[in-house]
Amino acid sequence: MITIENISKRFRKLQVLDNISAQFEKGQVVSLIGPNGSGKTTLIKSILGMVRPESGKIIVDGKPVSENPNYREQIGYMPQIGRYPDNMKIGQLFEMMKNIRNMDGKQIDNELIVQFELEKMFHKPMRTLSGGTRQKVSAALAFLFDPKILILDEPTAGLDPLASEILKEKIIREKAKHKLILITSHILSDLDDLTTHVMHLQEGKLMFFKDIGTLQEETGEIKLGKAIAKIMKGEMPDGSWINNIFQLGQTEEKK
Amino acid sequence: MIKLSKYVLYDILRSKIIIAYTLFLLVVSFSLFNLEENESKAVLSLLNIILIVLPLVSIVFGTIHYYNSYEFIELMLAQPMSRQKIILSEYAGVAFSLASAFLIGVGIPVLLFSFNATGMALLLTGFLLTLVFTSLAFLASVKARDKARGIGIALLLWFYFALIYDGLVMLILFNFSDYPLEKITLLLTALNPIDLARVFIMLKMDVSALMGVTSALYKDFFGNITGILFTTGIMLLWAIIPLWLAVRGFKRKDI
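Sequences listed follow chains F and C, in order. Converting from the first sequence to our numbering requires adding 10 to each position, the first position being numbered 1. Converting from the second sequence to our numbering requires adding 244 to each position, the first position being numbered 1.
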């Protein structure tokens, strides 16, 4: 569904994406992992056409993304930091999105709006919302049009445990519908039950792109966090960031 | 595109700045027409105020609006919509609201008190100037990296066209006064939309008789239909070229 061919991007001196190629198919849940500044968000934004790579091609459903913006009808995007027009109320925002996507009266997926109880807050202006509520709005918007491709950038960051669980269950239900889901997250334990493939970026380079079965086989670990930690330790000494997260994940589990 | 512009307009109306601008123009126009005995003197005073205030308001408001709607632009970029459509909708919304403010604020008093060729010329050039300076505002905001720079560039542009340019022209005319400069002056006028507007309207007035030999040539040129076409054409170029550059810059920009 999405083919990435040798894309490179630099912001002035910094090489953010360095000759990355990958192929994503439907039914996959791809976890994009890597330290801060490794190019995860830039890769996502390139797929969405918000960032223009210097070289290489991105093809969604057989069409290059630079040609026609209509491919974005298939994509639901949840940004890392959702920024919305300040004066608009939540209700108006949803109305506007439906109107702009020509979805007036058509079937939409408002499951998350209901489960996050956003309807009660429809009269609140966006500028008064907390970070977590904004995340909920972003999530509800991403799933609203029942897209074939979901791109979620740090979906659970800032959400309370209850909301985060609701979102995870929603992602699992969408996975069952054979959609392509791209997730970035630093909380590997969150990705455990979802992931089918892992894509690891570091300093703009693709370290590996493997399915979870191969990963488990190679490392002999079942948990994603442990498996990745093992690979990182073997492959490079400066992969210590993952240990911290891994340990954090463990202490959370003990609680 | 109209759908998007509608939301842009809705957002602008809510900020009430446009309403204040309309009221300001109404008050100034009405009081000038009531204070001056002679309506053509009133139009002259009005012209001088408009030539300073209108470009300033258009360029500053346009720039601030662009930065304030950055969230909206970001949101739209993830939707199936081309960048050209997004930026042109923003432009249409801003230009339409500023032009309406001018046509109500100055148009109504002019129609009431000075319904003649000079009045119409004033309305036409004011309308065109609004388009020109909104285009320049968009060019400045797309090219500048942050808000402070953007507004700085916008103010500099205004300063240049409203004040500095005249000084430069005077300098040239003064230093080369031994040569026949009529044609060159005409060219120099076309290079500044504000000067062009001023000359065009002044030559419709009786005061043009006081301007000496050069004005005879000008009167010939601007007095007939070619003058109107020339002024409108040059002003439209002044609106279209910066807007085209802004659209081009916006298409290549990383958001």
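These aren't lab readings, by the way, just hints derived from the structure by calculation. Glycine included, each C-beta is placed from N, C-alpha and C at the ideal position. Wrong hints could be hidden among the right ones.
[Unchecked claim] With beta-carbon atoms standing in for the labels, derived distance ranges: (1) F/SER18 - C/SER421: 55 to 65 Å; (2) C/TYR254 - F/GLU83: 47 to 57 Å; (3) F/ASP203 - C/SER344: 53 to 63 Å; (4) C/TYR254 - F/ARG22: 33 to 43 Å; (5) F/ASP156 - C/ASN292: 32 to 42 Å; (6) C/LYS247 - F/MET131: 41 to 51 Å.
We went through each hint and held it up to the structure:
1. F/SER18 - C/SER421: 55 to 65 Å: holds (59 Å)
2. C/TYR254 - F/GLU83: 47 to 57 Å: violated (24 Å)
3. F/ASP203 - C/SER344: 53 to 63 Å: 56 Å Cβ-Cβ, so the 53 to 63 Å window holds.
4. C/TYR254 - F/ARG22: 33 to 43 Å: holds (38 Å)
5. F/ASP156 - C/ASN292: 32 to 42 Å: For C/ASN292 against F/ASP156, whose Cβ atoms are near 59 Å apart, the range 32 to 42 Å is violated.
6. C/LYS247 - F/MET131: 41 to 51 Å: violated (25 Å)
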